[in-house]
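Going line by line, the protein sequences match chains V and U. Residue 664 in the numbering used here is what sits at position 226 of the first sequence, and the numbering runs on without skipping anything. Residue 3 in the numbering used here is what sits at position 1 of the second sequence, and the numbering runs on without skipping anything.
I should point out that these hints are in silico values taken from the structure, not numbers from a laboratory. Quantities reported herein were computed from a predicted structural model and do not represent experimental measurements. Glycine included, C-beta positions come from ideal geometry on N, C-alpha and C. Please note that the accuracy of each hint is not assured.
[Unchecked claim] Here are the in silico distance ranges between beta carbons for each label pair:
1. V:F470 with U:L46: 37 to 45 Å
2. U:T94 with V:K535: 38 to 46 Å
3. U:T94 with V:L596: 26 to 34 Å
4. U:L110 with V:T648: 48 to 56 Å
5. U:A47 with V:L596: 40 to 48 Å
6. U:K74 with V:D687: 19 to 27 Å
7. V:H454 with U:A106: 52 to 60 Å
8. V:V645 with U:L78: 47 to 55 Å
9. U:H100 with V:A659: 52 to 60 Å
10. U:A47 with V:V641: 37 to 45 Å
11. U:V33 with V:S536: 20 to 28 Å
12. V:L651 with U:I25: 35 to 43 Å
13. V:L596 with U:V30: 24 to 32 Å
One letter stands for each residue in the lines below.
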Amino acid sequence: MSSHAATGQIDHHHDHTTTTGIPNKKLLWWAFLASDCMFFGALISTHLIYRLNPPPGNAVPTQVFNIELTSFSTFILLMSSLLMALAVNAIQRGNIKSTRVMLLGTMFFGCIFLGGQVYEFAHFVAVKKMTLSNSIFGSTFYTLTGTHGTHVAIGVLLLGMMYVRTFKPTHGNGLIKNFVHLLAVCAVMGVSFIWLVPGLIEVVYGVPLTEMLHHAAVPLAVGAVALVATFVLGRTSGDVEFGEKNAGDVEAIGLYWHFVDIVWIIIFTAVYLLEYL
Amino acid sequence: MSAPAAHSAEAGHQEPSKFHVFIQIAMVLAVITGIEVVLVYLPLAKWLVVSTLCILSAVKFMFVIFIFMHLKWDKLLCTILFFIGLVLAGGTMWALLHLFGAEASKPLSSIVGLISL
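So that you can see chain V by itself, here it is in the shape it has in the complex (with noise of 0.2 Å):
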């Protein structure tokens, strides 16, 4: 018997009824990044590709680009890795309620991430003119930064499926409660990355306050009573199954977010960072 299964410990990096020695979701996590590395090997490539031979009408990079924002925005990536990791630490020792603190600061960040993502998208196709057929820059950059972003939409998705599970009560299924939940926090998350943070930018560059609340009073409204839905859902009093046993559950979501994080690492450095030389 090993010192973990004596002690009665669990040991979150090894799973002893394996024959690899590996969790099978784990494993399945990994070959699947494994994967994706590949797919957007292929899309980085793509990208640098055009801009080593650039055809003529091409729109110049240097005048599209908002580095600062760009900037901010990575830095609140490697934020949010950083929760994440923080709330794999926390269900390793068995707080749920640290754990649930950190998954909603990760898909907090994960929404800024992608209402500047938003914004971004939304200036260069109305200030810029730089669409998605327009130029050949324009359709590598928007297939590859939209893959990303699809990405860590997905992710958030998924956080805000962990969340909602860490819910789930010991007695009695609770599955009603819980798709109530869910929803309540999608559509937080909704208009948090395509009104709220993007709303929220143009008020930094100079719109007034009052103009972008009009713009997107409607979403905005629907989003505060998700935001006091999902409180008020969250307000828990009994026992719940979610524990230290779902941390391996927790990590799997975690590599993902970890690996859009240096999914942007790369494409930082190689589609923005670059072209200021």
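Chain V is already provided as a structure; the job is to place chain U on it using the hints.
This is chain U only, laid out in the frame that chain V set:
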């Protein structure tokens, strides 16, 4: 918190905390990002800036996968599995960039010299 979870929490506290390690790594990553942004505006040789940016990105990449993604503490098979994908992706990128970067691959319509990565 449920009773089994509370018991596990007590057991878990006997493990060394990674909390401070994660905080320190996050601060290092933030500082490296700041250095990268400043670096592109410095009047240095282009090859030096590009090399430094690549190295700094690789350092950030390694910190995240080995510390945040726990590869440092996991079985070696996880590292091998991920690096198979990474090496294939990197090799494909290297091959494509050299293939399309060759003189004979340049399209006649391209603006030569406008940008060279």
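(request) Against the structure, test the hints numbered earlier, and report the numbers of the ones violated in rising order. (result) none
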